[in-house]
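**Student:** For the record, the sequence lines run as chains L and U. Residues are numbered in the working numbering as their position in the first sequence, beginning at 1, plus a constant of 325. Residues are numbered in the working numbering as their position in the second sequence, beginning at 1, plus a constant of 187.
Fair warning: there could be bad hints in the mix.
[To be verified] Taking lysine-lysine and the DSSO-like style, the derived pairs with C-alpha atoms no more than 27 Å apart in a straight line are:
1) U:Lys209 to U:Lys264
2) U:Lys256 to U:Lys245
3) U:Lys256 to L:Lys336
4) L:Lys403 to L:Lys340
5) U:Lys236 to L:Lys336
6) U:Lys299 to U:Lys256
7) U:Lys236 to L:Lys403
8) U:Lys236 to U:Lys264
9) U:Lys296 to U:Lys256
Treat the hints as calculated values from the structure; they're not laboratory data.
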Amino acid sequence: GAGVSQTPSNKVTEKGKYVELRCDPISGHTALYWYRQSLGQGPEFLIYFQGTGAADDSGLPNDRFFAVRPEGSVSTLKIQRTERGDSAVYLCASSSTIEHNNEQFFGPGTRLTVL
Amino acid sequence: AQSVAQPEDQVNVAEGNPLTVKCTYSVSGNPYLFWYVQYPNRGLQFLLKYITGDNLVKGSYGFEAEFNKSQTSFHLKKPSALVSDSALYFCAVRGRSSGAGSYQLTFGKGTKLSVIP
Numbered sequence: 326g327a328g329v330s331q332t333p334s335n336k337v338t339e340k341g342k343y344v345e346l347r348c349d350p351i352s353g354h355t356a357l358y359w360y361r362q363s364l365g366q367g368p369e370f371l372i373y374f375q376g377t378g379a380a381d382d383s384g385l386p387n388d389r390f391f392a393v394r395p396e397g398s399v400s401t402l403k404i405q406r407t408e409r410g411d412s413a414v415y416l417c418a419s420s421s422t423i424e425h426n427n428e429q430f431f432g433p434g435t436r437l438t439v440l
Numbered sequence: 188a189q190s191v192a193q194p195e196d197q198v199n200v201a202e203g204n205p206l207t208v209k210c211t212y213s214v215s216g217n218p219y220l221f222w223y224v225q226y227p228n229r230g231l232q233f234l235l236k237y238i239t240g241d242n243l244v245k246g247s248y249g250f251e252a253e254f255n256k257s258q259t260s261f262h263l264k265k266p267s268a269l270v271s272d273s274a275l276y277f278c279a280v281r282g283r284s285s286g287a288g289s290y291q292l293t294f295g296k297g298t299k300l301s302v303i304p
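Just chain L, same shape as in the assembly:
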């Protein structure tokens, strides 16, 4: 079956612009997570959804970052007024439930470069 997909695979933008990153989770997975991976680092948690609602957005670095999941499936991470420090690989993951022992399945990521 299809895994987690993310589009675009690469995004280059200019400082100050707005970007949207899309995640399509594994069909039927109710939990969806966003992480950010900077060069040489492990993924860092941003936000997770249980269904349509953002259950924990404590990892979002500031109010320029926002994510939605309006129908409980596809999610979009939105970044306003991008800054060079936002450059990173943005990873999406999904799991069948939010139970702590469930592994998360990751997409290939979107590499964001802010010039």
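Take the given structure of chain L and dock chain U to it, following the hints.
**Tutor:** Frame of chain L; chain U shown alone:
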């Protein structure tokens, strides 16, 4: 707060030799522990997890990991390394509480494994 330490940025091992990638963790209470592997330009792939029970966990591609509660460690091992095992390996931890922030995975910085032919 929970954290993971992977003390080695890089591990080099000859093909056919056993390999170990080290991981220690800090979490309140008992942990759930995971290993993921990342190949170039690809997402993280799940290798194995420790939930409860037997301290030795077996996973994909011949990998296994040993949970040691007293040393708060979860080292990844394989008896005989393959060149194709060369990749970036991440250890991750999750607590068992139900409070805010408990559902996120906390990752280490990663260890680059190079298997030399």
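**Student:** Now tell me if each hint is right for this structure.
**Tutor:** To see whether the hints hold, each was checked on the structure:
no., hint, in the structure
1, U:Lys209 to U:Lys264, "holds (9 Å)"
2, U:Lys256 to U:Lys245, "holds (17 Å)"
3, U:Lys256 to L:Lys336, "violated (43 Å)"
4, L:Lys403 to L:Lys340, "holds (15 Å)"
5, U:Lys236 to L:Lys336, "violated (33 Å)"
6, U:Lys299 to U:Lys256, "holds (25 Å)"
7, U:Lys236 to L:Lys403, "violated (32 Å)"
8, U:Lys236 to U:Lys264, "holds (13 Å)"
9, U:Lys296 to U:Lys256, "holds (21 Å)"
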